[in-house]
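Protein chains in written order, with this note's numbering: chain A, 1 to 266; chain B, 1 to 225.
Among the clues, some could well be false.
[Claimed, not checked] Listed next, with one range per pair, are the computed distances between beta-carbon atoms:
(1) B:187 with A:73: 50 to 56 Å
(2) A:215 with B:135: 55 to 61 Å
(3) A:44 with B:196: 35 to 41 Å
(4) A:96 with B:220: 50 to 56 Å
(5) B:123 with A:43: 36 to 42 Å
(6) B:123 with A:4: 27 to 33 Å
(7) B:121 with A:4: 31 to 37 Å
Calculated from the structure, these hints are not laboratory results. Using N, Cα and C, we set each Cβ at its ideal position, and we do this for glycine too.
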Amino acid sequence: MPAKVLTITSGKGGVGKTTASANLAAALAAEGKKVVCIDADIGLRNLDLILGLENRIVYDLVDVVEGRCRVRQAMIRHKQLPTLFLIPAAQTRDKTSVSPSDMIRLCSELREGHDWILIDSPAGIERGFRNAVAPSDIVLVVTNPEVSAVRDADRIIGLIEAEEKGPPRLMINRLNPEMVRRGEMLSPRDVLELLAIDLVGIVPEDEYVVMASNRGIPVALDPKNHAGQAFRNIARRLQGHPVPFMDLDRKDGFLGRLSRMLGGKA
Amino acid sequence: MAPDIRIKGIRDGLLITVGDGEWPRAQTALFDQMQQRASFIHGARITLDVGNHILHAAELGKLRDTLSEMGVNLQIVLSNSPITETTAQSLGLGTRLSKPHPERIARPLDTNVREGEPGILVHRTLRSGYKLEYPGHVTIVGDVNPGAEVVASGSILVWGRLRGVVHAGAEGNEEAFVCALALSPTQLRIAGQIAIPPQHTGTPKPEIAFLRDGQVIAEPWDVKR
Chain A
1 MPAKVLTITS GKGGVGKTTA SANLAAALAA EGKKVVCIDA DIGLRNLDLI
51 LGLENRIVYD LVDVVEGRCR VRQAMIRHKQ LPTLFLIPAA QTRDKTSVSP
101 SDMIRLCSEL REGHDWILID SPAGIERGFR NAVAPSDIVL VVTNPEVSAV
151 RDADRIIGLI EAEEKGPPRL MINRLNPEMV RRGEMLSPRD VLELLAIDLV
201 GIVPEDEYVV MASNRGIPVA LDPKNHAGQA FRNIARRLQG HPVPFMDLDR
251 KDGFLGRLSR MLGGKA
Chain B
1 MAPDIRIKGI RDGLLITVGD GEWPRAQTAL FDQMQQRASF IHGARITLDV
51 GNHILHAAEL GKLRDTLSEM GVNLQIVLSN SPITETTAQS LGLGTRLSKP
101 HPERIARPLD TNVREGEPGI LVHRTLRSGY KLEYPGHVTI VGDVNPGAEV
151 VASGSILVWG RLRGVVHAGA EGNEEAFVCA LALSPTQLRI AGQIAIPPQH
201 TGTPKPEIAF LRDGQVIAEP WDVKR
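Only chain A is shown next, with the shape it has when bound in the complex (with noise of 0.2 Å):
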């Protein structure tokens, strides 16, 4: 069966997508399906350091859309996770380099012989978010629970829609449940009454996601993390399992719980 094409998304810069991009690729190709990573934010680009696969970059998407490379020779394969390959974005261009035909040209050639090829697209609503939606078979808006981040995935969604790529299915990242509890963050309630489109996962706010992300390990790999493991739901929910939702209320409590215990210091 040739590949799935899903684009990551938000609008808002700095809400996960990158994050998001690297932990859905790794779950992934923990089960066992050949994914290809492809880093559209071309001139600020972070893939490869999520991955951990910074030192090993050769030839990035620019020199394959210009012929300079094969594809083959653009892709590294992740040290960790024999089926999990990615091309990196340039870094001394700029989105303009690529063309929205240029990515479906790409797409279409990495379909055969891989079951997923997520593009990692770029903050904004230019050329960069135009090319990596283009060749895309599902949309992933990923928005925090912040009015900011909200209102672009808002947007960001009108223009999927009117890419004919609706409806987009929404991540939401960073919630940190204890902040909904006193009202003082958006519920994802809130969320979804605005958006209207529908919800494939939460990612609880957990500091360990950033380190792992520092070290180019992605925390989906980490079989007792809880973000981890909302990200391995939201893979298996991608592939069309259901998977119920986590209740992250009661995860907190139970923490709470078991910190007490052990300390005190709730």
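Once you've looked at the hints, dock chain B against the given chain A.
Frame of chain A, contents of chain B only:
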């Protein structure tokens, strides 16, 4: 002078009115008129208003037969005379115009129906960054999200949550209104007035906003208004 004969179309066919005067002359005039319009009246259902003429069975029977020979079908005889009515009934003819069925009459709606004003129906949610401008009334089936904008020269009706910016009566129409199932716009303008509604708390209710004495007023959207 020959009695007056008038032919006009009614719901059930043709109504022929025979003016006063001696019946034989009136009858001759009637036949003449009908002969002249034979092609027009052929096959028609006839209601004959004989006014004050008093007709007995022989006369009315002859009349019916003659009309039948002319290719028309006499169905009803209207008369001011009870004798004529009785005669007609004895010949199996109707004596009253059938009343129209009440349910078939279009009941005029009890509103100000203004025909000919342009309007559009938008069957989608307007998301952030979307601007809809229209020279007329706008009905949106869906939400207007924050960051979206609707500008209409007429009124704006939102069958959903209104949270963006709306401007009704944008070309100065102070009669324009804005209504929504949940009216909590970022900013609401009607004609030249701008209002920033207070933050809504609790369950949103359908509301309507309009201008009264140059002020934007929002009230519960009540059909009985």
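field: Hints that the structure is at odds with (numbers, increasing)
entry: Result: no hint breaks.
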